[in-house]
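J.: One letter stands for each residue in the lines below.
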Amino acid sequence: MRTDEILSYYTSDCPATIGKLEWMLNQGKLGGTGKMIILPVDQGFEHGPARSFAANPPAYDPEYHVKLALDAGLNAYAAPLGFIEAVARDYCAKIPLILKANSHDVLMGEDNPVPAMTASVDHAIRLGCAAIGYTVYPGSAFRVDMYEQLNELADEAKAAGLAVVVWSYPRGQDLSKEGETAIDVGAYAAQIGCQLGAHIVKVKLPGPNIEQDKARKVYEEQKVKIDTIADRVRHVIQSAFDGKRIIIFSGGSKIPKEQVLEQVRGIRDGGGFGSIIGRNVFQRPREEAIALLDELIEIYKGG
Amino acid sequence: MRTDEILSYYTSDCPATIGKLEWMLNQGKLGGTGKMIILPVDQGFEHGPARSFAANPPAYDPEYHVKLALDAGLNAYAAPLGFIEAVARDYCAKIPLILKANSHDVLMGEDNPVPAMTASVDHAIRLGCAAIGYTVYPGSAFRVDMYEQLNELADEAKAAGLAVVVWSYPRGQDLSKEGETAIDVGAYAAQIGCQLGAHIVKVKLPGPNIEQDKARKVYEEQKVKIDTIADRVRHVIQSAFDGKRIIIFSGGSKIPKEQVLEQVRGIRDGGGFGSIIGRNVFQRPREEAIALLDELIEIYKGG
Amino acid sequence: MRTDEILSYYTSDCPATIGKLEWMLNQGKLGGTGKMIILPVDQGFEHGPARSFAANPPAYDPEYHVKLALDAGLNAYAAPLGFIEAVARDYCAKIPLILKANSHDVLMGEDNPVPAMTASVDHAIRLGCAAIGYTVYPGSAFRVDMYEQLNELADEAKAAGLAVVVWSYPRGQDLSKEGETAIDVGAYAAQIGCQLGAHIVKVKLPGPNIEQDKARKVYEEQKVKIDTIADRVRHVIQSAFDGKRIIIFSGGSKIPKEQVLEQVRGIRDGGGFGSIIGRNVFQRPREEAIALLDELIEIYKGG
Amino acid sequence: MRTDEILSYYTSDCPATIGKLEWMLNQGKLGGTGKMIILPVDQGFEHGPARSFAANPPAYDPEYHVKLALDAGLNAYAAPLGFIEAVARDYCAKIPLILKANSHDVLMGEDNPVPAMTASVDHAIRLGCAAIGYTVYPGSAFRVDMYEQLNELADEAKAAGLAVVVWSYPRGQDLSKEGETAIDVGAYAAQIGCQLGAHIVKVKLPGPNIEQDKARKVYEEQKVKIDTIADRVRHVIQSAFDGKRIIIFSGGSKIPKEQVLEQVRGIRDGGGFGSIIGRNVFQRPREEAIALLDELIEIYKGG
Amino acid sequence: MRTDEILSYYTSDCPATIGKLEWMLNQGKLGGTGKMIILPVDQGFEHGPARSFAANPPAYDPEYHVKLALDAGLNAYAAPLGFIEAVARDYCAKIPLILKANSHDVLMGEDNPVPAMTASVDHAIRLGCAAIGYTVYPGSAFRVDMYEQLNELADEAKAAGLAVVVWSYPRGQDLSKEGETAIDVGAYAAQIGCQLGAHIVKVKLPGPNIEQDKARKVYEEQKVKIDTIADRVRHVIQSAFDGKRIIIFSGGSKIPKEQVLEQVRGIRDGGGFGSIIGRNVFQRPREEAIALLDELIEIYKGG
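Residue numbers (my numbering), protein chains in the order written: chain A, 29 to 331; chain B, 29 to 331; chain C, 29 to 331; chain D, 29 to 331; chain E, 29 to 331.
Think of the hints as simulated: they come from the structure by calculation, not from any bench.
Be a bit skeptical, because a hint or two may be false.
A pair holds if it fits inside one copy or across any two, identical chains being indistinguishable in the list.
Claimed, not checked - Capping the alpha-carbon separation at 20 Å, the derived lysine to aspartate or glutamate pairs in EDC-like fashion look like this:
1. K282 / E248
2. K232 / D259
3. K272 / D89
4. K272 / D118
5. K272 / E91
Model, not experiment: these values are computed from the prediction.
Using the sequences and the accompanying hints, generate a full structural model.
T.: Listed below in structure tokens is the structure:
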């Protein structure tokens, strides 16, 4: 089974942590395929409640999301402390919960983002979560604080038998807006997440542009293929320990359905491990969202 | 009973914490209605003693306030360390005490407020308090420090069987003065307080203005109703886990009685959980204050 | 006895701490009157040795001061670590020692003063001290650090059965030089010290000026009396929990004897709890200092 | 045996730490000679994956490197957390692993580099590592943080029976680009690494230039010989406790084979303890890399 | 015996700490006289290896110095972690070792020096040291960090039965270069070291200039004698608890022998407790250094 192959890459973890990864890989309709779809709902904190949920008001209710993830047969559900506290007792045994340990809001603008630690490993243990989630912003002037916070958090989480999921989102004073999703930067973000000890790394789907001059030189000299979505996914996967770490790709803001499908086909073709998809799910009405997720699941099953 | 319904939303807390919330909801003349009025007296620290108490000199005495809260049949009394230490032995069993764990003064001006931790969970335990109170200023350049301090404090408080009350007051370099009470910002403040794990969140009563452009777009597109006080309270309650967290509204500086009554009717009609009202109480003579509180209680009872 | 009445205000402290306060109130010639005179000698650190002691060279010797405090029948002696370490073994059972836990020097100028933690509760316990002393500078850009340091220190001290004495000296970028001793600022400083959990607060004797506009409005509207020294002392005492906390007043730099006597009469008439008086004592020859202290004691006894 | 002589310089370490140093000195083809070649692969984190591995794609796989180090008969393998976690179970008993405890990336430019702590002594213990590696940047405005972090890390590592390897790379606002490898600066870097308690210090091979005026005066007055590579290596070794600490030299970016050989001959002739060589190894195809390493080993054996 | 008289000033220390002071006072040729000469060798870290040792190359070897201190009959040897680790096993029972707990280098220029903590009390215990050494820079913008670090370190050291030696070197943005050794500043530095709880304070030999205006006024009014070296030493000793703390004077950079002798005669005549003398010793050939030290010892014996 593909699950066993993937788990075989994680040779330094304790049985309890491997068990959590196994649960996530085997949960839901993609169970056993080695592919994952995770529903993350941290936008209430990250962007504000109306911007996140007004388009589909039932989504104001924290139970709405975890139930949707369960009913749609997804692999896991990720959210900040408040949302997890609201549902943990009823759902922690039914679907793997990922507690987002840090959060960020947009009531202040900034060039160098810095999230706050808003939950702990103790919270995750008490709430029956399968994993801790943590966002790093490589490129931010505050990256050192984030890496060190994650280092301690991950050490503690692994000792408690939890899995560690890292959101690796380059942003900061020396990166252009387009550079945040450049292929060199995205591959670097995946590498950094893996070197920091994450079991699962979430990156943005990168574009064909290259941000850093020293990197461009190498991409050109070595003729690294980055033309199609699948090429770029393949390069990111290679950059993340040559396929030996689970890398999943995020969807970003709500886009037309056909575009979502195209992205997911590219992730599948490039050997990506799956999607972490939020706004494209919960900003659609429930039935439409479930139908879309069913199509994505079928694409990944065909991978 | 409405109390049980509200408590049913807090599924992840230990019995001792639920017991503290139950005590607060069942204390005083509003006991069992699911509505609350809390008396907060931190203005001596926040604005200075003469500005707070010279209008009603008996209010210089720390015992004045807790006795007023008890005699008027309110649900709880909140104050900083010194005021609580002065009355805890005599009152901690008679009315729920909320220890304000951080404080701020105005002897230095600043664009980005930063409060200081001035009491701990150990203090609250020793002083027989029912809850810890903590102020966050979303939008401040120091918000990360506050969120992280609250995260640790709340974790510790919950482990000690205490409830957590968060004052969520947006303020900071990128927010206009009016923006601090804009509807988008107020709803966001409520969401942040809940995501940070608070049991009760206190926000300012928001106005009909919208501060952030990205939010305005959504409010307009989705036609979110924000015309009346009741509309706005309803939106804030929805933004706070769709009514599954206790949100109370603060009164601000002393205003004419009729205005207070109008605000409270709006809070009631919009489904708010109650008021936290300080200066409008203790800057009036005791008898006048008790009479005003009786009227507010009657309004909420009619809700 | 007045001592018992004063102690009755401290209802939240453990017997050991109450015992320390009782010792301080009952020590020396003012014992039992509810009045106190404390000798503080931290100027060697705060201003330098020659500026402090050259006028009266025997005062270079750390034993000189504690012996003077004992022989003059004062209530307590306060000093930094080095001075206390030099005398604790011989004097800690004879007169209450107050260990100054933070210190500041003037080898660097600054608008926002920041003292350093230079002694701990462990030191105070080991050295047999009755209390910990700590200076806060409300108004300084570093006030948050001070309040938080004091919060932890005070918590630890109370758990160890010690008393907590706070020097509350407003200073900082937004305060004018005169504003540091303005009546609104002085009353605010007393309030802050009490809210931070101090048992005894030391403030400067305030003048009749008002520093902050929002405060001036209230002083004028409410016609707060601040004309004489006694008026101002009365207002400060009221501002400090309406007389339920011990507030003592500092003398400042060396001034003519008659001026000292006038100040002390004002403190007595306004209901102040006493004086903390350093340079006006140790910069006079020993016999002259003892004679002056005798006069002060007589004034307070007549209060 | 030369190993015993070298170990005799480390008189203050516990047997377990000495055992780790002995293992490193006795491992591989140089075992017992007192010379070392270490393979470090932290460039995926430090420069990005494509810049590091695209020239030789099998090198994306973390297992590639440790296997290469083992097969080529090197003394040890050093890498960040992620790479070590990926191979520790299979290789920690076969070749000494050095866990790089701090890391740095280049997604933000800076004059004063500051690495992040990305692994701990607990990680090293759990992963069966022989040593902890740590980079300091003497000259950086953040050097104090690094020295203090290393101080704690080294204390902890020694108590756990691990060895401590320090990368000492001068860089910062007052150093010119050439100054980073000036002979005075390089010798100083070696001294600092040793004074900080490292067992092994890695420095860059210095050039004949002198950076600091006060140092130049001494080099000229005392006629310190710094003309050839061997002269400079000899001076660095002398500067590092007169040969009583293991100093190894790094290779830097990929250079022609002949240049590598010349450098290594200089290191040997000057009495250096060996090389730590990364890009010149893993950016060459495996067979070519092993052949090059064989030549280096022969040079050191002839030393 | 003078040793007993000096020890009688330290009434608050535990027997183990007194024992360490007694050992230092009774060690070597000055044993029992109450005078001390200490050899400090931290210049490798503070100034760089070549600037420190190239003039006398055997001095690159860490063993050179401690052996010299022992053979010359000095009272103690002080050095940073690396140098102490290299010799502790062989010398810790033969001569008191002082572990310098913080260090500073000159690869970056700065107006406000800030040293790094580079060794701990645990290191000192494990290495059999008699004392911890720590440098404070009064006047530096970072002095608060230093005072607080020393406060914790000293508390820990005293609890472990060690002695505490403080280097008190005024430097910072508001002090002129000459002001660093002005008499008012030097006396202040001695006072600060003593107030911070040091057993032994090392200051620079001050000149006849006065740096601060407020101090000048007092020196002139009180006619403090500061004309000769002996006058100034006497004033510093007085400023350090009136002779009740051990104050020793440092030599600074290498100067002609006659000048060294003159300084030491002044220290003796002014009642100083001795010298801490580094570069004037180890930058001379060993035999010349020992001869010079013999002369200094004779001068102090005549004191």
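J.: Decide, hint by hint, whether the structure agrees.
T.: Going down the list of hints, with the structure as the test:
In this assembly of identical chains, K282 and E248 lie within 20 Å of each other by CA distance solely across copies; the values are 18 Å between and 33 Å within a copy. In this homomeric assembly, K232 and D259 come within 20 Å of each other (Cα to Cα) only inside a single copy, at 15 Å, whereas the closest approach across copies is 38 Å. In this assembly of identical chains, K272 and D89 lie within 20 Å of each other by CA distance solely across copies; the values are 8 Å between and 37 Å within a copy. Taking the closest pair of Cα atoms, K272 and D118 come within 20 Å of each other only across two copies (15 Å); inside a single copy the shortest separation is 34 Å, beyond that limit.
Taking CA atoms no more than 20 Å apart as the test, K272 paired with E91 passes between copies only; the shortest distance there is 10 Å, against 34 Å inside one copy.
Violated hints for the displayed structure: none, as all numbered hints are satisfied.
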